[in-house]
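K.L.:
Letter by letter, the chains look like this.
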Amino acid sequence: MKALRVAGVSINTIFKHKMRAFLIILAIVVGIATLTVIVALTQGMNKQIMKQIQNFGPDAIVIHSGGGKIRGPSTASEANLTRKDISAIENMDGVKLVTSFQVALDMPVKRGNKFTTSWVWGVEPNWKDAWRRGASKGEFITDSDNEQLSKVCIIGQSAAKELFGDVNPIGENILIENVSFQVVGILEKRGLSPIGTDFDNLILIPFTTASRRLMNQPLYISTARVIVRDPLRVEVVAKQIKEALRESHRLAATEEDDFRLSTPGEISEMVKSTSKTLELFLWLVAVISPFVGGIVLMNIMLMAVSERKREIGLRRAVGAKKKHIVVQFLAESIMLTFSGGVIGVSMGIIIAFLIKLSGKPISITWQSFAIAFLFSTFIGLFFGIYPAKKAAALDPATAISQK
Amino acid sequence: MIEFKEITKSFTSGTVRTDVLKGLTFKVGKGEFAAIMAPSGTGKTTLLNILGCLMKASSGSYFFEGIDIETLNDDQLSDIRNKRMGFVFQTFNLLERTSALDNVLLPLIYADNYPVDAKQRATKLLESVGLKERINYKPSELSGGQQQRVAIARALINNPSIILADEPTGNLDSESSKEVMNIFKTLHGQGRTIVVVTHDINIARNARRTIFLKDGRVEKTEVIS
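Chains as they are written, first to last, in my numbering: chain A, 1 to 403; chain B, 1 to 225.
Isolated chain B, as found in the complex (with noise of 0.2 Å):
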């Protein structure tokens, strides 16, 4: 599913040249759930941002099902993300002043076809999660756990190939994370590609599989079998 060879990344600050990413090589299977783990500051949410088609590397390539993710435009690299792509991040980024229904329904404004039933869709998606009594609340009203499921709803609505996740449970106490953390493997037990970026091994040990990184490149990758 996710193909990186010798992917590299760069930002320039006026003449200071800075490689964030220094060739990373790996592989993502259809149905996995691998965990990226380094330390912070080393380039996660920058990697993230590659996978995600936020951002385009400055070197190498990226094949997403196949695609040649460095070919395409910018309107094409929104379907990509509209259809194939749902993201969980570290500070939910959920609307202020909007509901948890309005706020999973938010991919949906951006698909081709809307779909009659959305709103039913929204309902049950935030009922697996837990939320079923409170559709209607606020983000401001919610828990930080409650506010990330709301947000793995989001992620899930357009019914994704993979759920990337930068740090999900980063802003968690541990019971959130626990929580959150189970959805995932929930998710996966289903079926679903899932690829988690964190700085902590406790969150990386609940997949499957975790790519090291070291200085910008990949240092090892363990499986649990």
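So here's chain A without its partners, still in its complex pose (with noise of 0.2 Å):
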């Protein structure tokens, strides 16, 4: 009870000298402004990596040609998968399907006057299964469109809307490097790649159009992705992968692989190291902001039991004990700290809220509250301290003599 009677006079203290717990506020709200926003922003950039990451499928495993580190997928020009590879890995234990495709880059791609650059995948009728994402309007490309090499092509939303705007693109014809492709199809939307890329700025054509007539690849495969039967055994099944491509590509021990394989694990880790430094200077600017609200505050403190010495000598000649002393300038900070917090995180959310609106990833969830609120009690505490205590160490005698 004598401890809230104590603290009762930090609450009167801070209404006496307004201005004074104003300044202290404004540095906390500033800190836990900041503090707030940049949590919001990593947890959505978290959030952001993790569906990137589920984008790519947590049961899958895309085989690249060529070797070397990992990067955006292998081209038709550098292919050197086979058939057998791929039936060697259609017959492996634990896989599921696998579908292979060839990929081409950034290939010119126009409609009448509009003009825009695509990823232009050949792929068979099993891609849709792999990759779970079909049509959202039109067809796929069937069986009979690779039988047949036909010039048909499903477009993603990204591509549709570069090149036709508000125009149904289905039955309308395109030129893919001056071949002219009838559009069968819009692919569903699927947002960016783990690495960043528009997954929806893509054109699927049929995989013999793709090798014969458009990439000039007809003996080899660029790509495949496997999609095994249980999620837990991904890493197992792209170890048996390597072991069976190294022995039909017959690289010799010293040889490095001249294909490479993405699984659900590396990706994560790739995407995770890339934002990795990103999210340590933002947690930085995130630490260092509310510090310097708590150097505002002890400084202000420090002058306040200068200016309070005479009270200070009176209280502890009418009873106060040094621990007394030491709660109500300690209650007195913390109560500035958390009233800034309250604010500063109810300004962050706002702040955050308008960034949100710009398309920024932004995630405001309860984590946000208990990392300000108990941030900014934290602050109050530690930067407080010394000068309660300094507060409290004052002589009665010499305090109640100051002018």
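Where hints are given, some of them may not hold.
With a Cα cut of at most 20 Å, we get these calculated DMTMM-like pairs of lysine to aspartate or glutamate [claimed, not checked]:
#1 A:Lys128 x A:Glu90
#2 A:Lys323 x B:Asp75
#3 A:Lys96 x A:Glu78
#4 A:Lys322 x B:Asp74
#5 B:Lys138 x B:Asp79
#6 A:Lys323 x B:Glu179
#7 B:Lys138 x B:Glu127
#8 A:Lys16 x B:Glu127
#9 A:Lys2 x B:Asp112
#10 A:Lys2 x B:Asp75
#11 A:Lys96 x A:Glu256
#12 B:Lys5 x B:Asp68
#13 A:Lys323 x B:Asp112
#14 A:Lys47 x A:Asp230
#15 A:Lys322 x B:Glu141
#16 A:Lys309 x B:Asp74
#17 A:Lys16 x B:Glu141
#18 A:Lys51 x A:Asp166
#19 A:Lys322 x B:Glu70
#20 A:Lys389 x B:Asp75
#21 A:Lys2 x B:Asp79
#22 A:Lys390 x B:Asp74
#23 A:Lys322 x B:Glu127
#24 A:Lys323 x B:Glu141
#25 A:Lys2 x B:Asp102
#26 A:Lys16 x B:Asp74
#27 B:Lys56 x A:Asp395
#28 A:Lys390 x B:Asp75
#29 A:Lys322 x B:Asp75
#30 A:Lys151 x A:Glu177
Examples of chain A residues lying across from chain B (beta carbon under 8 Å, computed) [claimed, not checked]:
#31 Arg5
#32 Ala7
#33 Asn46
#34 Leu314
No lab work stands behind these hints: they were computed from the structure.
Quantities reported herein were computed from a predicted structural model and do not represent experimental measurements.
Positions of the beta carbon are idealized from the N, C-alpha and C atoms, including for glycine.
Since each chain sits alone in its own frame, please combine them into the complex, following the hints.
P.N.:
Now the structure itself:
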């Protein structure tokens, strides 16, 4: 009860020194608002990354022709996977399905006077099962399209918007590298790939048409996607594929792989390491800002102790113990930083919403509130304890005689 | 009630040592109204600080109501000040921007038990010092004499064993000084123990006994019958 009475003194003091309280709260508001926005931003980024990893598929393995480290998909020009390779993988234990495709990046695409560049993939009908992505309108590539080397295509929504605007593209023709293709369907929306590429700026054509008419690669396959039966066994299957391909490509033990395997684990590592530096920087800013507020608090509270020596001396004279003075000043600091925290979080959320409106990834969760409130209280404690102890350590006889 | 035995107090600044009190010995009995009289700058405030447990002596012994003050720790000294002593200072020492009523209630914040009738008690005390109409006034809205009366009410709120006053009329005009000393006389008449430290012989004459200090020692004691 006595502690509550002493804390009550702190409330009175705050109201009696409004300008001082305002300045402290302002410093904390800036810091906590920054912290809230950054927490929301990093959580939004992480959520987006998780979504991108999900887009890749937890049960998928992508085999790229050519060795080296992970980058974009391999193109038809560097294709070295054979039909025999694909059949061997199809027959492996734990493999659900395999789809082969030929890839060309940034191919020029025209419709009338409209021009864009798109990824063009030559695909088999089971591509839609392997990517869990079919036509949202119209039809997908069929076996007969592949048999007849048809010049038909399924168009991604970004490419469709670029070339057709609001016009329905189905039934219309486009030119891919000056070869005319009829649009038979629109691809389901997918968003960004794990490496940040627009998965909707994609045009799918029959595999055989791509190999023989567009990309001049009739013998080899540039890329394949494998779906495993049990997502928990994806790394085990990837290891089997690697061994099988090394054997079939007759690679000596000292030779490096002439193919690359992308697994969900690998993709996740790659994306996380890319965002790690940015996240570290953001957290640094997030932590520094409230600390600056804390330093402002400490400065103002030290000035307050200096100005209020006589009051402290009087309180000691009428019976306040050192701990009562500590509680009074610390409660004052914590109340001010907590108030700053509440206002800061509210402002942070408003700013976060404004940023969200501009399309940036923002995620506001209870953790944002918890971190901001805990941090503001911690700052009140951490930066308030020194002035509070200094006030309590004053000699009462000397303090009361201060002018 | 108060027993000072060979109390000394020295202050050291760098290599210079100043002996302010040089072996003070005196007693103040329960219910007594005593004045301690000494010229300015001769350690009156130091003496009052030791009497009020705000400062410890360099040597000697101080017994207050039979308790050896020199053996108490900081928290125990705070308890003694809170429960058994009331202070009246020359400069009033009221909290600014705080009403007379809240100033009077100040010591109760640190009391073990906050009385349920605290506000009534404080109001009654302010009435008894003639400030019935001023209980919600802030110090800046009160005259010097009125501020000192608030300070006296504050000194009485915990019903202390003793009231210690340091030059209580030092900042007041003669009329206000008279009013304040009359309050002390009334309180003494009610059986309270009062010790006033002053350099003014006219103020000291209000007490029943005056202890004269000279060169940090008791020079003489005069009793007014």
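K.L.:
Evaluate each hint against the coordinates.
P.N.:
Now the hints, each set against the structure:
For the suggested pair A:Lys128 and A:Glu90, the alpha carbons sit about 17 Å apart, so the restraint of at most 20 Å is met. Annotation: proposed proximity of A:Lys323 to B:Asp75 holds, straight-line Cα distance about 9 Å (limit 20 Å). Distance hint between A:Lys96 and A:Glu78 is unfulfilled; the C-alpha atoms sit about 26 Å from each other, more than 20 Å. Annotation: proposed proximity of A:Lys322 to B:Asp74 holds, straight-line Cα distance about 8 Å (limit 20 Å).
Between B:Lys138 and B:Asp79, the direct Cα distance comes to roughly 28 Å. Violation of the 20 Å bound is thereby established for this hinted pair. As the CA atoms of A:Lys323 and B:Glu179 are separated by approximately 38 Å, the hinted pair breaks the 20 Å bound. Proximity of B:Lys138 to B:Glu127 is assessed by CA-CA distance (about 16 Å); at most 20 Å being required, the pair is judged to hold. Restraint check for A:Lys16 and B:Glu127: the C-alpha separation of about 26 Å exceeds 20 Å, so the hint is violated.
Between A:Lys2 and B:Asp112 the alpha-carbon distance is near 7 Å, which keeps this suggested pair within the 20 Å criterion. For the hint pairing A:Lys2 with B:Asp75, the CA-to-CA distance comes to about 15 Å; that is within 20 Å, so the pair holds. Under the criterion of a C-alpha separation no larger than 20 Å, the hint pairing A:Lys96 with A:Glu256 is inconsistent with the structure, at around 28 Å. The hinted pair formed by B:Lys5 and B:Asp68 meets the criterion: a straight-line CA distance of about 11 Å does not exceed 20 Å.
At most 20 Å may separate the alpha-carbon atoms for a hinted pair to count; A:Lys323 and B:Asp112 meet this at roughly 14 Å. Between the alpha carbons of A:Lys47 and A:Asp230 the distance comes to roughly 24 Å, so the proposed pair goes past 20 Å and is violated. With a CA separation close to 31 Å, the supplied pair A:Lys322 and B:Glu141 exceeds the 20 Å bound. Only pairs whose Cα atoms come within 20 Å are accepted, and A:Lys309 paired with B:Asp74 is accepted, the gap being roughly 18 Å.
A threshold of 20 Å between alpha carbons decides the hint, and for A:Lys16 with B:Glu141 the separation of about 16 Å falls inside it, so the pair holds. For the hint linking A:Lys51 to A:Asp166, the alpha-carbon distance of about 28 Å lies beyond 20 Å, and the restraint is violated. For a cut-off of 20 Å, the pair hint linking A:Lys322 to B:Glu70 stands: about 18 Å separates their Cα positions. Straight-line distance between C-alpha atoms of A:Lys389 and B:Asp75 comes to about 15 Å, which keeps the hinted pair within the 20 Å bound.
With a CA separation close to 13 Å, the supplied pair A:Lys2 and B:Asp79 stays within the 20 Å bound. At most 20 Å may separate the alpha-carbon atoms for a hinted pair to count; A:Lys390 and B:Asp74 meet this at roughly 16 Å. Taking the CA atoms of A:Lys322 and B:Glu127, the gap is about 33 Å. The hint is violated against a cut of 20 Å. Taking the CA atoms of A:Lys323 and B:Glu141, the gap is near 33 Å; set against the 20 Å cutoff, the hint is violated.
For the given pair, A:Lys2 sits about 16 Å from B:Asp102 by alpha-carbon distance, which is consistent with the 20 Å threshold. Distance hint between A:Lys16 and B:Asp74 is unfulfilled; the C-alpha atoms sit about 30 Å from each other, more than 20 Å. Among the hinted pairs, B:Lys56 with A:Asp395 is consistent with the structure: their alpha-carbon atoms are about 11 Å apart, no more than 20 Å. Taking the CA atoms of A:Lys390 and B:Asp75, the gap is about 17 Å. The hint holds against a cut of 20 Å.
Taking the CA atoms of A:Lys322 and B:Asp75, the gap is about 8 Å. The hint holds against a cut of 20 Å. As the CA atoms of A:Lys151 and A:Glu177 are separated by approximately 12 Å, the hinted pair is consistent with the 20 Å bound. This hint holds: A:Arg5 has a C-beta 5 Å from the nearest C-beta of chain B, less than the 8 Å allowed. At its closest, the beta carbon of A:Ala7 sits 10 Å from a beta carbon of chain B; the interface hint therefore is violated under the 8 Å criterion.
With its C-beta approaching chain B no nearer than about 49 Å, A:Asn46 sits outside the 8 Å limit, and its interface hint is violated. For A:Leu314, the suggested interface contact is upheld, since its CB lies about 5 Å from the closest CB of chain B, less than 8 Å.
Hint compliance for this structure: hints 3, 5, 6, 8, 11, 14, 15, 18, 23, 24, 26, 32, 33 are not met, and every other hint is.
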